[in-house]
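Novice: Below, each chain spelled out in residue letters.
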Amino acid sequence: MHQQLLCSGLEQLVNKALALNLQGKQGLDRLEQKTLSLHLQEIGFALSFTVSAQHVLINTLTEHPDCTINTSVKTLLLLKKEQQLTELIKQDKLDISGDIKVAQTFAHIAETLDIDWQSELAKHIGDIATYKLIQTGKSVGNKLKFAVQQIQADASEWLVHEKKLVVTSSQISHFNQQVSDLEKQAQLLADRAECLLHKKISLNDSAIKDSCE
Amino acid sequence: MPTQDQDHQSKSTHFGYQTVEKNEKESKVASVFHSVAAQYDVMNDLMSFGIHRLWKRYTIDASGVRPGNKVLDLAGGTGDLTAKFSQLVGRDGKVILADINSSMLNVGRDKLRDKGLVQNIEYVQANAQYLPFEDNTFDIVTIAFGLRNVTDKDMALRSIFRVLKPGGRLLVLEFSKPEHEFVNKAYDFYSFNILPKMGELVAKDGDSYQYLAESIRMHPDQETLKTMMDTAGFEQTSYKNLTGGVVALHKGYKF
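Just so you know, the sequences run in chain order A and B. Everything in the first sequence is counted per my numbering, starting at 1 for the first residue and increasing by one. Everything in the second sequence is counted per my numbering, starting at 1001 for the first residue and increasing by one.
Worth double-checking, as some hints may not be accurate.
[Unchecked claim] Lysine-lysine pairs mimicking DSSO-like chemistry, simulated, CA-CA at most 27 Å apart:
{"id": "1", "chain 1": "A", "residue 1": "Lys16", "chain 2": "B", "residue 2": "Lys1115"}
{"id": "2", "chain 1": "B", "residue 1": "Lys1115", "chain 2": "A", "residue 2": "Lys123"}
{"id": "3", "chain 1": "B", "residue 1": "Lys1111", "chain 2": "A", "residue 2": "Lys16"}
{"id": "4", "chain 1": "B", "residue 1": "Lys1115", "chain 2": "A", "residue 2": "Lys25"}
Think of the hints as simulated: they come from the structure by calculation, not from any bench.
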């Protein structure tokens, strides 16, 4: 029943997002009574999206969908733009059967989803509290970003210079340069050796001729 | 010649743990549901911790419903299944919400109308044993948490079989026998000690919820119900235990 639990949660999430969409429920009219069946490799069962009276129903019914998509979650996340649909099909990352217009309309709705989270939050906690919360959020976010960058810098410093567990990019390029120099020298040596060998063979041949005469 | 004892048995049935006359059960069940109708949805959520919504979703998913289908939601009560079916069958389809109890039907009708679901739903007060529909009418018949309250279950199954179209299917969602003894014990404790008290507190009617617990224990187990469906004429009958067998979904086809 985890499938039903997932469908139930998704259904609430999708319909809430559509209700909050600044663009309204545009496009849903064109999908009335249309079903898109989505087979995701990772979850092992199909999710069917049916539009009924401006409401999206999600279930695991797989019988007679208008359009079926076989893909992975990773590919689905790339599917933000309509034109990417064709590219992904060409790359064999997406397998679509049935009415492609249905898939395109669903993709278009997902792409144009625009929610004003600040306004929605303000409805519940008020304008000032929302402003304060957003500012605090931004400040905390910036501090976290800085802290992450600092930790990364410190960690690489420690690994490269103190523990000498990791080499720097300049060391790698120096090593690469040395390898290619060595390769060139080895090639020169090989050429020289081959040349000497040829000379030795030709000298041997002329010595045999002289003795015969 | 039937003995006096056999004759008494054929005229009697269960009402929870009580043995009552067959013609008495209907009115007793009716009084239970008249009493709980108003608080039915709240109690369902409370008693099952909301899991009844997932059991019903599972039933919808197993039904294979398609746009244009004609569905009978028997003992449909407050219309949870009807609401979903109505959206899935679309304008070309139809859903009939049928219940023997007028109070439950009224609560269901009000709830669905408040949700704006009016286009393709009809309401019929009907006894499952004597369905007032023509032969071969429905693509799908569902009966969720209703069969155990029916006086003559075999007769109801035959009646459902009659109204199903060839190729149509019946789905019976009903409380059943838990698969594991530990679950059974815990379930018994919950049903007979906590459930009636919850009913007393919320619905002000502990007796009705005592009946609910007893009627679940008297209901045929998974295999028995499957055999009953076979006997009524259903084919490819199968069942799926949900939540460890606390509930089972039986499915059968008419060919």
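Novice: Taking the hints in turn, state whether each one holds.
Specialist: Status of each hint after checking the structure:
no.	hint	in the structure
1	Lys16(A) - Lys1115(B)	16 Å, holds
2	Lys1115(B) - Lys123(A)	24 Å, holds
3	Lys1111(B) - Lys16(A)	21 Å, holds
4	Lys1115(B) - Lys25(A)	18 Å, holds
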